[in-house]
Amino acid sequence: MKRPVKRPVKRPPAGPLEYLRRWPLRLWLLAVFAFLYIPLFTLVAFSFNDSKRNIVWRGFTLDWYGKALTDESLLTAFGNSLTIALLSTIVSVVLGALAAIALWRFRFPGRTLFEGAMALPIVVPEICMGVAMLVFFARVLPWPQNLVWPFNLGAIVISHISFSFPFVAVVVRARLASFNREEEEAARDLGASDWQALRDVLIPHLKPSLIAGALLAFTLSLDDFVITFFTSGPDTITFPVKVYSMVRFSVTPEVNAASTLLLLLTVVLTVVALRFQKPAEIAH
Amino acid sequence: MSSDRRPLAVTLAPPLFWLLLFFLVPLAVVWAYSFGRNAGLTEIEISGTFANYARTLEPLYLGIFLKSAGVAGLTTLICLVAGFPVALAITFASDRAKTWLLLLVMLPFWTNLLIRTYALIAVLRDEGYVNFTLEWIWARLGSIWTLPPFVPLELLHNNAAVIFGLVYVHLPFMVLPLYSALDRLDRSLIEASLDLGAGQLRTMLRVVVPLALPGIISGIVITFIPALGAYLTPDLLGGPDSQMIANVIERQFKRANDWPFGAALSFILMYLTLIMIAVQAMTEKRKAR
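Line by line, the protein sequences are chains A and B. Heads up, the first sequence is in the working numbering, so the first residue is 2 and it goes up one at a time. Heads up, the second sequence is in the working numbering, so the first residue is -3 and it goes up one at a time.
Simulated from the structure, these hints should not be mistaken for lab results. Note that beta-carbon positions come from the ideal geometry of N, C-alpha and C, so glycine has one too. Incorrect hints may have been included.
Stated by the list, open to error - Anything over 10 Å on all C-beta distances counts as not near chain B; from chain A, calculated:
| id | residue |
| --- | --- |
| 1 | Phe34 |
| 2 | Leu37 |
| 3 | Asp51 |
| 4 | Arg59 |
| 5 | Gly67 |
| 6 | Ala133 |
| 7 | Val141 |
| 8 | Trp144 |
| 9 | Phe152 |
| 10 | Val171 |
| 11 | Pro241 |
Stated by the list, open to error - Label-pair distances were calculated between CB atoms; the ranges are:
| id | chain 1 | residue 1 | chain 2 | residue 2 | range |
| --- | --- | --- | --- | --- | --- |
| 12 | B | Val126 | A | Ala178 | 25 to 35 Å |
| 13 | B | Ala9 | A | Leu270 | 43 to 53 Å |
| 14 | B | Thr95 | A | Asp201 | 47 to 57 Å |
| 15 | A | Asn181 | B | Asn34 | 23 to 33 Å |
| 16 | A | Leu270 | B | Ile271 | 44 to 54 Å |
| 17 | A | Asn181 | B | Leu201 | 38 to 48 Å |
| 18 | B | Lys250 | A | Arg276 | 19 to 29 Å |
| 19 | A | Phe180 | B | Val77 | 11 to 21 Å |
| 20 | B | Phe46 | A | Asn181 | 49 to 59 Å |
| 21 | B | Glu123 | A | Leu114 | 20 to 30 Å |
| 22 | B | Val77 | A | Ala178 | 31 to 41 Å |
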């Protein structure tokens, strides 16, 4: 019996460690990514669908975007979310950077305790932190009702800062590890004050981590539902809380459109984040 | 280091103040409430009672704790099985492919949880895309044979939907630490094992898995903890019998208005979380030694 002649292959056969070139693994990857992305793709696709039923494709339309962008309550919620995220990010970056510098630079009594306490907001279950904030703003520090915007968002902003700034501190500390302290000493020898050394030597070195930390804080705040759910009142609805109440009633293309807009914002933020940090670094 | 304490005070005071006032004090108040009892509609008397903790051991609540642990455990297991090959492929991919694959894993991770859950509802509900596709196939088959009318599968509002949703949300939590651990692995050990005649599967089980164990454990802990405390997924995708512990806690603080009991439940959840993290930290330390 004659064996079929093997055609010359362009590439050498897969090496023992080139798992990505083995077909069972490729199939597996394909399945996992299909699982992760098909729901999101359908969500985006049907935001352009010209049908209220949201299931049969009836043609392309931008009507739902028009509807979403003129829906007063949806817009307010979107604006609230962005405002909260922005305010929380600014404070979180400052607090996170200060905490990271304090832990890196100084020895002080209770340092280990402080370090452990800073890790708590990262690990505590969201629901526990949510109820803690609910109780705090109901009993310990009642946030005044009917304040003018954006002060009515204060309770939410404060809660968001509490769970965001420890994340910023982690990112900044990782960067501080690569700082050459002799640079700062040189600056001081040359007559720089504490403040000048901080501003002209340390901060420029930390800049990439400050930006990465800021993007992280912004996304965390924008993404949060549970903790906001416990701190928001009827006139301080954020986008996730609004979507939650809409989803409970029905699935409408308008929600698809609004979600697609937020999805777009996420993609943009991720791309910006990647300009400052490689995915491989973030993953570690 | 200068003996001047001012720079320390300036850098330490703001974050310390914030952490104390806006994180530790709220938690402390909840902790105190967990030893209290309702005295009137809004008043809580902190009497030092353990009655709330005793109540969490009632079969109903113990059952919900066990069920939550089971659901979170199954979610973690599925994530581990599904995620390990993905992490492996990313680790040994070329630099270019690696960047893209990591981006693909991370993008859903950055996407709003509510949007992702909503996307799942749209896929799974009775009039959802899965049922729509099935109905279409059913209709095609119906033109060949006579079939009973199509009944949509109930894919939503049950325990399977909750697990499906939790896996969907937490898969990146598992893949990233696994990748991080596999990436640090000494590749020559794998090559040596393969050269010396062990097959791929045996190398995987006897060399890769033991070496990457700390990463696997941290992936398990990182996935299990948020899955155990999940609120949104069981709330939106689950049915009346798929409540998890977070849903019970929420109800105590809102509709049931029993804060002391809710406080006790949330502190039990917190203790469980902290124990798991401590165990993970210890295994990591032992490995590092």
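Verification of the supplied hints:
1. A beta-carbon of chain B is positioned within 10 Å of the beta-carbon of Phe34 of chain A; the least distance is around 6 Å.
2. Annotated as non-interface, Leu37 of chain A brings its C-beta within 10 Å of a C-beta of chain B; the closest such distance is 5 Å.
3. Every CB of chain B is more than 10 Å from the CB of Asp51 of chain A (nearest about 17 Å), matching its label as outside the interface.
4. The claim that Arg59 of chain A lies off the interface holds: its Cβ sits roughly 13 Å from the closest Cβ of chain B, which is beyond the 10 Å cut-off.
5. The claim that Gly67 of chain A is not at the interface with chain B holds, since no C-beta of that chain comes within 10 Å of its own (minimum 20 Å).
6. Listed as outside the interface, Ala133 of chain A is inconsistent with that label: its C-beta sits roughly 4 Å from the nearest C-beta of chain B, within the 10 Å cut-off.
7. The beta carbon of Val141 of chain A sits about 6 Å from the closest Cβ of chain B, which is not more than 10 Å, so the claim that it is off the interface is violated.
8. Every beta carbon of chain B lies more than 10 Å from that of Trp144 of chain A, the smallest distance being close to 12 Å; the non-interface claim holds.
9. Chain B leaves Phe152 of chain A outside its interface by the beta-carbon criterion, the shortest separation being 16 Å against a cut-off of 10 Å.
10. Listed as a non-interface residue, Val171 of chain A keeps its Cβ farther than 10 Å from every Cβ of chain B; the least gap is roughly 13 Å.
11. Not every CB of chain B is more than 10 Å from the CB of Pro241 of chain A (nearest about 4 Å), against its label as outside the interface.
12. Checked against the hint of 25 to 35 Å, the pair Val126 of chain B and Ala178 of chain A fails, with Cβ atoms roughly 48 Å apart.
13. Judged by the Cβ atoms, the range 43 to 53 Å given for Ala9 of chain B and Leu270 of chain A is violated: they are separated by roughly 31 Å.
14. Between Thr95 of chain B and Asp201 of chain A, the C-beta spacing of about 34 Å breaks the proposed range 47 to 57 Å.
15. In this structure the hint that Asn181 of chain A and Asn34 of chain B lie 23 to 33 Å apart at CB is violated, the actual value being about 59 Å.
16. Between Leu270 of chain A and Ile271 of chain B the beta carbon distance is about 35 Å. The supplied range of 44 to 54 Å is therefore violated.
17. Distance hint check for Asn181 of chain A and Leu201 of chain B: the Cβ-Cβ separation is about 44 Å, which falls inside the suggested range of 38 to 48 Å.
18. Restraint check, Lys250 of chain B to Arg276 of chain A: a C-beta distance of roughly 42 Å breaks the suggested window 19 to 29 Å.
19. For Phe180 of chain A paired with Val77 of chain B, a C-beta distance near 41 Å fails the hint of 11 to 21 Å.
20. Separation of Phe46 of chain B from Asn181 of chain A is about 55 Å and conforms to the stated range, judged on CB atoms against 49 to 59 Å.
21. Our hint of 20 to 30 Å for Glu123 of chain B and Leu114 of chain A is violated, since their Cβ atoms are close to 55 Å apart.
22. At roughly 35 Å, the beta-carbon separation of Val77 of chain B and Ala178 of chain A lies within the given 31 to 41 Å, and the hint holds.
Violated hints, listed in ascending order, are 1, 2, 6, 7, 11, 12, 13, 14, 15, 16, 18, 19, 21; each of the other numbered hints is respected by the structure.
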